[in-house]
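Can you build the whole structure from these sequences, using the hints too?
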Amino acid sequence: DAKTTQPNSMESNEEEPVHLPCNHSTISGTDYIHWYRQLPSQGPEYVIHGLTSNVNNRMASLAIAEDRKSSTLILHRATLRDAAVYYCILRDAYNNNDMRFGAGTRLTVKP
Amino acid sequence: SAVISQKPSRDICQRGTSLTIQCQVDSQVTMMFWYRQQPGQSLTLIATANQGSEATYESGFVIDKFPISRPNLTFSTLTVSNMSPEDSSIYLCSVEGVKNIQYFGAGTRLSVL
Numbered sequence: 001d002a003k004t005t006q007p008n009s010m011e012s013n014e015e016e017p018v019h020l021p022c023n024h025s026t027i028s029g030t031d032y033i034h035w036y037r038q039l040p041s042q043g044p045e046y047v048i049h050g051l052t053s054n055v056n057n058r059m060a061s062l063a064i065a066e067d068r069k070s071s072t073l074i075l076h077r078a079t080l081r082d083a084a085v086y087y088c089i090l091r092d093a094y095n096n097n098d099m100r101f102g103a104g105t106r107l108t109v110k111p
Numbered sequence: 112s113a114v115i116s117q118k119p120s121r122d123i124c125q126r127g128t129s130l131t132i133q134c135q136v137d138s139q140v141t142m143m144f145w146y147r148q149q150p151g152q153s154l155t156l157i158a159t160a161n162q163g164s165e166a167t168y169e170s171g172f173v174i175d176k177f178p179i180s181r182p183n184l185t186f187s188t189l190t191v192s193n194m195s196p197e198d199s200s201i202y203l204c205s206v207e208g209v210k211n212i213q214y215f216g217a218g219t220r221l222s223v224l
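Protein chains in written order, with the working numbering: chain Z, 1 to 111; chain E, 112 to 224.
Hints listed in this document are in silico derivations from the structure and should not be mistaken for laboratory results. C-beta: ideal position from N, C-alpha, C; glycine also. Watch out, some of these pointers could steer you wrong.
[Said to hold, decoys possible] Below 30 Å or equal to it, Euclidean Cα-Cα: the simulated DSSO-like pairs (lysine-lysine) are:
1. E:176 x Z:3
2. E:118 x E:176
3. Z:3 x E:210
4. Z:3 x Z:69
5. Z:69 x E:210
[Stated by the list, open to error] Covered, in the sense of this in silico footprint (three residues per stretch, anywhere, with C-beta under 8 Å from a C-beta of chain Z), are these stretches of chain E:
6. 149–157
7. 211–224
[Unchecked claim] Quick list of simulated restraints, FRET-style, between CB atoms:
8. Z:81 x E:116: 30 to 40 Å
9. Z:108 x E:222: 24 to 34 Å
10. E:128 x Z:69: 17 to 27 Å
11. E:211 x Z:63: 15 to 25 Å
12. Z:108 x E:217: 18 to 28 Å
13. E:196 x Z:28: 38 to 48 Å
Right, dumping it as structure tokens:
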């Protein structure tokens, strides 16, 4: 699986938008971009994923660069419950037997 | 979605002993995965467990140390054998659902004295 690069940590104020960046310059044409987050003392949970087009769901939005070498997870209004480690992961559509977790970004949300 | 139950949620064990962790899913799934998360670290894949075949282990993990069973499509176990303090970690199972989304259990927190 191709590697991803994320900032180690970010801070946000409550009820403000948060933009979590991820670089994946070696992404292949069949790699999907997945985002998971891990809340304290819990297992990771799925947030969103996409291939080329921007994606929206009830949790977040995913903005994918035109060249697909980077993406941004957008939390539109951060809450204290969004404090977690966010992982950006690439998964090959045809060889997706596992996920390789990087170090992720630890998001702190300030009241 | 899939609901995953892991048991035990935590345990404290003596070195040299073994612990078996159970992972139960509320629906039939083909692929199950076991991960380790050492204190303050990210997740590392231990092995992939498919029903009807032997588990596939990642580099650095061996069957003698981490034997895995997968007797049916809703259940798997991971055993941590001959434990040492270095095995103190969180062990998590996950399953692959539709659209290649993985669902994780809450994990088993293991402390080895």
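Each hint, compared with the structure:
1. Using a Cα cut-off of 30 Å, the hinted pair residue 176 of chain E and residue 3 of chain Z holds, with the two alpha carbons roughly 28 Å apart.
2. For a cut-off of 30 Å, the pair hint linking residue 118 of chain E to residue 176 of chain E stands: about 19 Å separates their Cα positions.
3. Under the criterion of a C-alpha separation no larger than 30 Å, the hint pairing residue 3 of chain Z with residue 210 of chain E is consistent with the structure, at around 21 Å.
4. Between the alpha carbons of residue 3 of chain Z and residue 69 of chain Z the distance comes to roughly 11 Å, so the proposed pair stays at or under 30 Å and holds.
5. For a cut-off of 30 Å, the pair hint linking residue 69 of chain Z to residue 210 of chain E stands: about 22 Å separates their Cα positions.
6. Only residues whose C-beta sits within less than 8 Å of a C-beta in chain Z count toward coverage, and the stretch 149–157 of chain E has 4 of them, enough to reach three; the restraint holds.
7. Counting residues of the stretch 211–224 of chain E whose CB lies closer than 8 Å to any CB of chain Z gives 8, so the stated coverage by that chain holds, three being the minimum.
8. For the pair residue 81 of chain Z and residue 116 of chain E, the beta carbons lie near 23 Å from each other, so the given range of 30 to 40 Å is not met.
9. With their beta carbons about 27 Å apart, residue 108 of chain Z and residue 222 of chain E fall inside the hinted range of 24 to 34 Å.
10. For the hinted restraint 17 to 27 Å between residue 128 of chain E and residue 69 of chain Z, the CB-CB distance of approximately 48 Å leaves it violated.
11. Checked against the hint of 15 to 25 Å, the pair residue 211 of chain E and residue 63 of chain Z passes, with Cβ atoms roughly 20 Å apart.
12. At about 22 Å, the beta-carbon gap between residue 108 of chain Z and residue 217 of chain E stays in the expected band of 18 to 28 Å.
13. At about 40 Å, the beta-carbon gap between residue 196 of chain E and residue 28 of chain Z stays in the expected band of 38 to 48 Å.
In summary, the numbered hints that this structure violates are 8, 10.
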